[in-house]
Amino acid sequence: MDYLIEQALNGFSIGAQYSLLALGLAIVFSVMGLVNFAHGEFIGVAGYAMFAMAAMGMTDPWLLVVFAMATVTLVALVLERVAFRPVRNAPPTTGLLTAFGVGIILQNLFLLMVSPRPKAVPELSALNQTVEVAGHNFTILQFLEVGVTSVAIAGLVWFLKGTRIGLAMRAAALDFTTVRLMGMRANRVIATAFAISGLLASIAAIFFIARRGAIDPFMGLLPVLKAFVACVLGGFGSLPGAVVGGLLLGLVEVLLIVLLPDKLAGLRDASVFLIVGVILVFRPQGILGRRVELGDKTA
Amino acid sequence: MLEIDGVSINYGPVSAVRNVSLKVEKGEIVALLGPNGAGKTSLLSAAMGLRPLAAGSIRFKGEDMRRLDTESRVRRGLTLTPEGRKVFANLTVLENLDLGAATRAKGADFHADIEMCFELFPILAERRHQTGGSLSGGEQQMLAIARALMSRPSLLMLDEPSLGLAPRIVGQIFRLIRDLRQRDLTILLVEQNAHEVLRFADRAYVLSTGECRYAGPAARLQEAGALMQAYIGELVA
Amino acid sequence: MNTIAFAERTRGSRPFLDARLAGNLRGSLWLVLIAAAIGLFVMAFGSPFIIRLTATAFINLIAVVGLQIFMGNSNVVNIGHAGFMALGAYFTAIFATPVMIKASMIPNAPFGLAGVEVGALYAFLISVALTSLIGLLTGLVLVRLAGIAATILTISILVIVQGVLVTWTDLFRGAQAFFGIPKVVGLGLIIVATAAVLVVARMFKGSRLGVQLRASATDPLAAEAMGVDVKRLRLIAWVLGSAVVGCAGALYALYAGTINARAFYFHTAFLTLAMAIVGGMRSVTGAMVGVALLTVLLELIRILEGGITVLGIAFPEMLGLSGLMLGVIIVAVMCFRSDGFMGGHEIEEVFAMLRRRLVAGKREG
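Protein chains in written order, with the numbering used here: chain A, 1 to 299; chain B, 1 to 237; chain C, 1 to 365.
You may find that some hints are simply not true.
[Claimed, not checked] Here are the computed lysine to any residue pairs in the SDA-like style, where the Cα-Cα straight-line distance is at most 20 Å:
1. Lys106(B) / Met116(B)
2. Lys106(B) / Arg164(A)
3. Lys183(C) / Val116(C)
4. Lys263(A) / Val116(C)
It is worth saying that the hints were derived from the structure and are not from the lab.
Bound conformation, chain A alone (with noise of 0.2 Å):
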């Protein structure tokens, strides 16, 4: 019973992180279309944002936690503005494979400026501490990731229903065209969309940084990898989805680590991805997604 209530705390604050980078997906291809690949790649920006601060000889944590989500807060609108702007109105194929050399771009950044071996970033590490809490033991970075998650989520439903872009960017979902007809920018609704989609990002990259306890270049593959699942398991652009599939992916992860002996640990990733492939075969629009047909406009 201990055990199985350590692992489910476990699931939820990994799952936790796979729902922040998911949902930064799902708005950004709900409100123009677009398969970010190089979603991924902000948790490498806040990496390594935060390794050249702590090089610099600034190692306060709190200051490194709020540098990194500015960058990759900026670092996401620059993306937006350069490379995907062009291809707006583009096919998705068109989109996706933008996105795609992005996320090339960046990894081979990391890679050119600092190095292509790991490097550690310890600032965090005291969040591993454990704690005792009624006899189980946990670390304060599962209770910080299962809380701030959940603050961040009920900060973006406020925002999508309380203020007027966020109002536009659920519209915008639906009918894109119509918003303009409105009056509203659209170079500003898609600002937005992907100023939050980085900033869900980089508080995902900070609790991965912290567990990690270092970086490298190619650190948002597996991530982002992980965050298309849970979008496609919760429907694709769905943002109650993207949160529901996240963190049933993190609750699978945790069970497959469980279930499988050591031996068979190369097979944990293939078999969360054999997971992902047998509910699309039956269910090929997600778990919360509606049906969709081969004509419907989707990526």
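Knowing the structure of chain A, use the given hints to seat chains B and C on it.
Here is chains B and C on its own, set in the frame of chain A:
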């Protein structure tokens, strides 16, 4: 107020509108009539900057619109209620109206305008927390018009407001449009439902296969056979 | 021309069909001639390094053409092809490697595979057949999906294949290299295989199936309404593409003699995908142009990466430069010419255009 001069619009190699000129003066209700595929919607889209012009010019309140994007045109008082209403189905009635006022700050007059809309369309007040998608066709049309009014336009362009509505509702919508004139609003109304519209429009244009076939007083088209003649041939005003 | 109307026209009218067949044959012939000319030139005059580079480029070309067969005709982004390359390579390795070597390398292989040794040719054929079979099984699932869900499934295939290769050590040696595969394939055979694959891809693209598939990619509903079975077409393209990609992997195994699962993962997937994009994935000629451009360019940048001295100035090592350029090229191509270098045109269409321009120019002159 709106001057469309010698406008042509192409979709790739296909020409949708050829050399059409149209004028709307302040305070008028102008009807733009014509059969399906005549190019009416293309013309309105071009006026809003959603379609590029192949030739010609569009001026609004004396200002050349060609360089302005859609959003800026809305800010200058030009508003379109698109064909098929296009209310935001996943947003509530209030949220739809809120977005309609996207060009203005949310001050005291914003709330006054919401009240004004609810006065004009009492049914929307009842449904204010329902989503746009849950409304009936007629209610959606009212919401679309109310949403357009929220931007305080000087010229309201309506694309087929009667489309797919029951005759009783159509009558109601047209009465509302007629009443809007008293609110210092100029209206350009695109319709297939010609006879109803001609009863209250000041002037009318008839478009057929992308060309202007009639331009003149609405009353003249009400004469027996005149409309049919304009649709199929050329009626010189 | 409207592709739907085009597909419709291809149903009846024999003479038109024959004209199209002739066009495709002519186009294939041009591609084969150019590929063979480059290959033979390198064989005659190239240094061992250049020969190795060319052989790898041709194997990449086979993989890119396999990618083009599915992606170029169905418009679904595929990242799983590197997995099929891995399968082709490993199946060949298992069947072709001498029993003696396998006794020390994979003594506990299941199904008595440690004691099986067929000739390289049979190993190649078995491997392509098995890869196609796996293509068929995965394809039955894949064709039910559209857009990003289909792409996710191709990624799933890649990750699952990699996971199985790395984990099933008794059969695939896991993360360790699989060596001792007979090196029976040289540049000459690779050129022959490339030529065959180019012709297959061109004939498929130009066939009734290919035309209908492309029409369905631009407008699935209209194609369905016309009675085109989109799922069946996609399945055929997917299986054919898998077979061709598997063939690339098999050739690689027989050329290099040593293979490693890590070599068939995201890096390879992305590189070959980039080649397809840069050349323009809607045409077979584009695949060839993309492979040629990126191979030469990346090789030049790799010289820079190692740190060189130009006019007495020593440049430092710049690892990652080639990757960076690859990304920049992809983004630039997408922003400015999303149809790639060839813009979806085939070589004979370009010739025809040039000829028309030449004739028009003469008339004016």
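Hint-by-hint comparison with the structure:
| no. | hint | verdict |
| --- | --- | --- |
| 1 | Lys106(B) / Met116(B) | holds, 15 Å |
| 2 | Lys106(B) / Arg164(A) | holds, 9 Å |
| 3 | Lys183(C) / Val116(C) | holds, 18 Å |
| 4 | Lys263(A) / Val116(C) | violated, 27 Å |
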